[in-house]
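**Q** Protein chains in written order, with our numbering: chain A, 1 to 355; chain B, 1 to 355; chain C, 1 to 355; chain D, 1 to 355.
By construction, these hints were calculated from the structure, which means they are not laboratory data. As the structure is a computational prediction, the values presented were derived from the model and not from experiment. It cannot be assumed that every hint is accurate.
Which copy is meant is left open, so a pair is good if it fits within one copy or across any two.
[As the list claims (entries may be wrong)] Below are the SDA-like pairs computed for lysine to any residue, each with C-alpha atoms no more than 25 Å apart in a straight line:
| id | residue 1 | residue 2 |
| --- | --- | --- |
| 1 | Lys270 | Arg114 |
| 2 | Lys270 | Gly317 |
| 3 | Lys191 | Phe166 |
| 4 | Lys191 | Ser260 |
| 5 | Lys270 | Arg310 |
| 6 | Lys270 | Gly220 |
| 7 | Lys270 | His168 |
| 8 | Lys270 | Ile322 |
| 9 | Lys270 | Phe166 |
| 10 | Lys270 | Leu169 |
| 11 | Lys270 | Thr316 |
| 12 | Lys270 | Gly170 |
Spelled out from the first residue to the last, the chains are:
Number of protein chains: 4
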Amino acid sequence: MRNTFGTRVTVTLFGESHGPEIGCVLDGLAPGLHVNEDFIAAQLALRRPMGRISTARVEPDPFRIVSGVYQGRTTGTPLCILIPNTEAHSEDYVNLRDRPRPGHADYPGCVKYRGFADPRGGGHFSGRLTAPLVAAGAIAIGALRSRGVWIGTHIARLAGIADRPFDHLGEDVARLGSLPFAVLDEAAGEKMRGAVEAAAGDGDSVGGVLETAVLGLPAGLGEPWFDTVEGLLSHALFSIPAVKAVEFGDGFALAEGRGSETNDPFRIEKGRVVTETNHSGGIHGGLTNGMPLLFRTAVKPTPSIALPQRTVNLATGENEEIRVSGRHDPCIVPRARVVQDSLTALVLLDLMQPL
Amino acid sequence: MRNTFGTRVTVTLFGESHGPEIGCVLDGLAPGLHVNEDFIAAQLALRRPMGRISTARVEPDPFRIVSGVYQGRTTGTPLCILIPNTEAHSEDYVNLRDRPRPGHADYPGCVKYRGFADPRGGGHFSGRLTAPLVAAGAIAIGALRSRGVWIGTHIARLAGIADRPFDHLGEDVARLGSLPFAVLDEAAGEKMRGAVEAAAGDGDSVGGVLETAVLGLPAGLGEPWFDTVEGLLSHALFSIPAVKAVEFGDGFALAEGRGSETNDPFRIEKGRVVTETNHSGGIHGGLTNGMPLLFRTAVKPTPSIALPQRTVNLATGENEEIRVSGRHDPCIVPRARVVQDSLTALVLLDLMQPL
Amino acid sequence: MRNTFGTRVTVTLFGESHGPEIGCVLDGLAPGLHVNEDFIAAQLALRRPMGRISTARVEPDPFRIVSGVYQGRTTGTPLCILIPNTEAHSEDYVNLRDRPRPGHADYPGCVKYRGFADPRGGGHFSGRLTAPLVAAGAIAIGALRSRGVWIGTHIARLAGIADRPFDHLGEDVARLGSLPFAVLDEAAGEKMRGAVEAAAGDGDSVGGVLETAVLGLPAGLGEPWFDTVEGLLSHALFSIPAVKAVEFGDGFALAEGRGSETNDPFRIEKGRVVTETNHSGGIHGGLTNGMPLLFRTAVKPTPSIALPQRTVNLATGENEEIRVSGRHDPCIVPRARVVQDSLTALVLLDLMQPL
Amino acid sequence: MRNTFGTRVTVTLFGESHGPEIGCVLDGLAPGLHVNEDFIAAQLALRRPMGRISTARVEPDPFRIVSGVYQGRTTGTPLCILIPNTEAHSEDYVNLRDRPRPGHADYPGCVKYRGFADPRGGGHFSGRLTAPLVAAGAIAIGALRSRGVWIGTHIARLAGIADRPFDHLGEDVARLGSLPFAVLDEAAGEKMRGAVEAAAGDGDSVGGVLETAVLGLPAGLGEPWFDTVEGLLSHALFSIPAVKAVEFGDGFALAEGRGSETNDPFRIEKGRVVTETNHSGGIHGGLTNGMPLLFRTAVKPTPSIALPQRTVNLATGENEEIRVSGRHDPCIVPRARVVQDSLTALVLLDLMQPL
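So that you can see chain A by itself, here it is in the shape it has in the complex:
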């Protein structure tokens, strides 16, 4: 299924960057869930550009829920969220039509849709479409919290600057929820913002690493083959524009160790089965084991940069140079964090649905 994701709880995404409205349909929700529109608005605010270090395009995101909610609760029927596009400046993009931007979907998108795709602002490929995903994710986050599951993501690295690692998971996750710039160490955050401004000043962009912890998941979610928890989450996470890698637990570092170091020994603690370490990131054999779920994604630098770049003119077959004008975000990592929370919540709510 092309633009639909999920098995029990599904999200269908539609819209183009400069079309009249974008949105999504969230289906399979249990009836009776509280829908908190203020929380949705707050999550959408976390996705908005943040002044100098982000794109100058103002996105007030006045969403509307047009179905699936009655008197503040889910009905159990499909919930459609619409977000109008109010401030699109299509002229910024007109000159890009035949000259694909390096690092963007322009060229393969042109091949796939045989030239019929909406070229304005990246069309359906635009990061703008993460807004409805964040709105849908806010509903999923609310549903998970009511069942004791909490998700927190921090900017583990940005432009080579490291945040402090997760320490007291419960406190760290609780604190991240309300932070506009999600770092555990505010001094590191200050340096990160400086690095973003420096890159922006150079007409360039930077990337980073987002690290997520999920607390309160029961053991036994996921499937042994194909629909492993790692497989389902990574499938969703690669929809975050610019994510190019996913690792669970110690990830690539696990490849360097020995089994006696990387296995997580079991222990009974207050009557519960726990592991003494959590190298596996809370997943064994594709299933949750009841320990905190931990993973990291790598976000590449924003491909839209002001510096001149080499491209080709698809109409003439000539090599050319372009400068991508318009308002672009020199680093999407701080905003991508709420998209990562949202997609994680949608996948986990789907997995928990039948329990």
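Here the structure of chain A is known, so what remains is to put chains B, C and D in place on it, guided by the hints.
**A** Here is chains B, C and D on its own, set in the frame of chain A:
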């Protein structure tokens, strides 16, 4: 769908490590594809244990195709492959039933299946089930080759020892196909095998990194959201037992650079649109861009080790110690390589089907 | 998948009868299809109530396509159609909340959604949701016509009055397209309308039979098991509110004959394989055989009637009597015809997509 | 998905009439269900030919369950059932290759699979593939019975001879389970068997109507759109070879009445909401309403008959005559009944799974 993967070409996997037969159903194949049983046997041989550095269990894998093939070609109807289990020694596992092995699916599997799963040899979670995946993958690899698509995977790292990087991709990929121990630098391979033997001598195990290149893919495969090429491949690759991370192109290294370094500039070369670099691993915006597809997976050390480990007794609620006896593979990386090729082929054949 | 239908071309339906907007997302369309908004409006007009013989509620259906179309053609990305609800009179339904209407979804809907469903106007169960299906179907009908496939449905029976059978299929199908009251014999249509008015005068309702012919389909569509053409079409057709039966070709009459009478003998005609008769309705073994596709559905009388009916009060557990006030259609058969065309088109476009 | 059916409980069917083995994979079953192999064998026996009135081919159906069951109970992992083909006589079919049998899938199958399908005995289209469906259905029937749901199907009509209608549903359904020839009125059954023998004597075949009742279903199963109970059941039932029509409740007769006659009034009976009549067959708005589920299918006469028939030679393009030799069943209605029970059980178990 639990044990079924794919959209147009689907594979449904069944069986338990010590049941009478394991197998899979491959559906959605075009009619008229040549099915080369010798190639299937050769691929299954690459998955087999390799003497001292692998488990001593002999697996001759005498597969049977019981449907979907007539006179050597696919009929277009479901193709079922069966592989009997001939040499299971169930007694090796009996004492593990209540004492989950660290790093294994035993504990979450017990929760998920409420104690009804077949405990012998890991049951449905066993790496043994990769055999039918390799058989199905061999058919997919054959179908892709007939369309000019070639897949090659090498052991990029094992126990901290690095193979040389991909260099001349065409030659490297061609050479890897027939190698029983898939390294580009045989001297590195020699050291790797030594490291595996050393770990085995210590009753321990090691992991590594598998790197894959795919040549000949057209541009425009994949979907902008959810069914990105990265998302589909990673979804499948996490079914390889012990894979804990996936990165495409430069992966985590991309997070450290600037956009001016990580964007891949375009150029016209012999009338074709190409990129000068391939930091993105052949995927932009979730779609193939016609350049070589490149990715790496991290394989953790085999969790079954001879050294004593701390676990719990689920029946008594006591902390205990176990030693996992039986025949175990101190490093599955060399064998996992053919599983990685197979799953990659199944995903790519699915994506190419409607073209 | 709950409110999504289709494999390659999918439609996801959302909305409630008295919510602000209803709509659907149509995904999987080929890029470059012409989208004719006038034709969509004309099809929606065929679905509207028709004066005395239909509900008095005025539904202008001012639809908006907010994604998936650029410069009059499909982009290949999801197409979302929205239709605002402008004239809902919710007070008409308030007193029905605890007293389920006989013949309606009220009672099982209350059980399924545990009382959280939107009770106004039937909520998500409302026949109002066929409007976006008709809009989506109009796009599918257009796509099929451009490939030489034509669909026509007539009112074969209404209140016991029979239209003449299909005769010259090509002419009949062409003529039905533009008819507001789809009968082949206008004298029969006159009697049917009289019967509807008589029923309405009695505070009662009537049903009928819709018969569809599809011309121009290639042979070989469908699957031998499960996704037979009959299975896929019937799956969709039972979403037409009040449809309770589907028969293909001679349908129930086939059960009474002998094989020598019901088999359709083959013949070569102008170089094409045809059958001399078409008792099977153009489907053999679940696949189209290249002959006209023929089927009939039975539409039960509208359950909303003005006459008093026995029901129960779910709050008090008492038997009660209700009169369903509000504006109700004494016969939905004439309007259901365009829904039948639409769902048929969506199923057939899905089946033809990969060819 | 081509040869896979279901959402939560899925069945994947494979095999050809004259291949070495046929079978299916049943996935999504809850762990811990008792699997009664004697009951599976008994159900397969009901599907077997019955002496003179059925094909003379002996089918002992010695099935094997090779996965998904451990110590007599389901494990929750995929259950694969295999049935070897022991007595195929392929030479009977060789001369049919280029001359499609009227009423069969031969011609559209040849187009669909471009001549690569296995032509022996109908290949994948063969009614032989209902054997694994019956085995899978037996497991589903057992699971439903343990939850108080009982299914019964009788031969309502055969060759124009009517059985008595359902009367005391509980007794009737209980009695049908063990009957080899499923009629409620044994005198009618005697006449039916006579009619089959008469047709067989003429080298001809006959059809009939199968009527099913399901008792004990809860209210609220199904979905308002697309996955209505009628839609899901009919989708499955059209996989029974020769079924050409499905009607629920009063079906086509509903089209002739008025709403005041066809609506089912509600009443409280012993604290439960019931309907006084059951014209709707236990389904309102696509959902079960807690009343008995009732439906009928029309089974056309077996297309394989001994009488000469007109066909075409696909190789030469000439009109020809064929006589279908081999062993054929002059009436599949008595055997199709257990397939109808089986598919019904698989659909209903899927719907009940998440409750």
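**Q** With reference to the structure, classify each hint as holding or not holding.
**A** To see whether the hints hold, each was checked on the structure:
no., hint, verdict
1, Lys270 - Arg114, "between (61 Å within a copy, 21 Å between copies)"
2, Lys270 - Gly317, "between (69 Å within a copy, 10 Å between copies)"
3, Lys191 - Phe166, "within (19 Å within a copy, 36 Å between copies)"
4, Lys191 - Ser260, "between (38 Å within a copy, 21 Å between copies)"
5, Lys270 - Arg310, "between (61 Å within a copy, 17 Å between copies)"
6, Lys270 - Gly220, "within (20 Å within a copy, 41 Å between copies)"
7, Lys270 - His168, "within (19 Å within a copy, 57 Å between copies)"
8, Lys270 - Ile322, "between (63 Å within a copy, 21 Å between copies)"
9, Lys270 - Phe166, "within (23 Å within a copy, 51 Å between copies)"
10, Lys270 - Leu169, "within (19 Å within a copy, 54 Å between copies)"
11, Lys270 - Thr316, "between (71 Å within a copy, 14 Å between copies)"
12, Lys270 - Gly170, "within (18 Å within a copy, 52 Å between copies)"
Violated hints: none; the structure is consistent with every hint.
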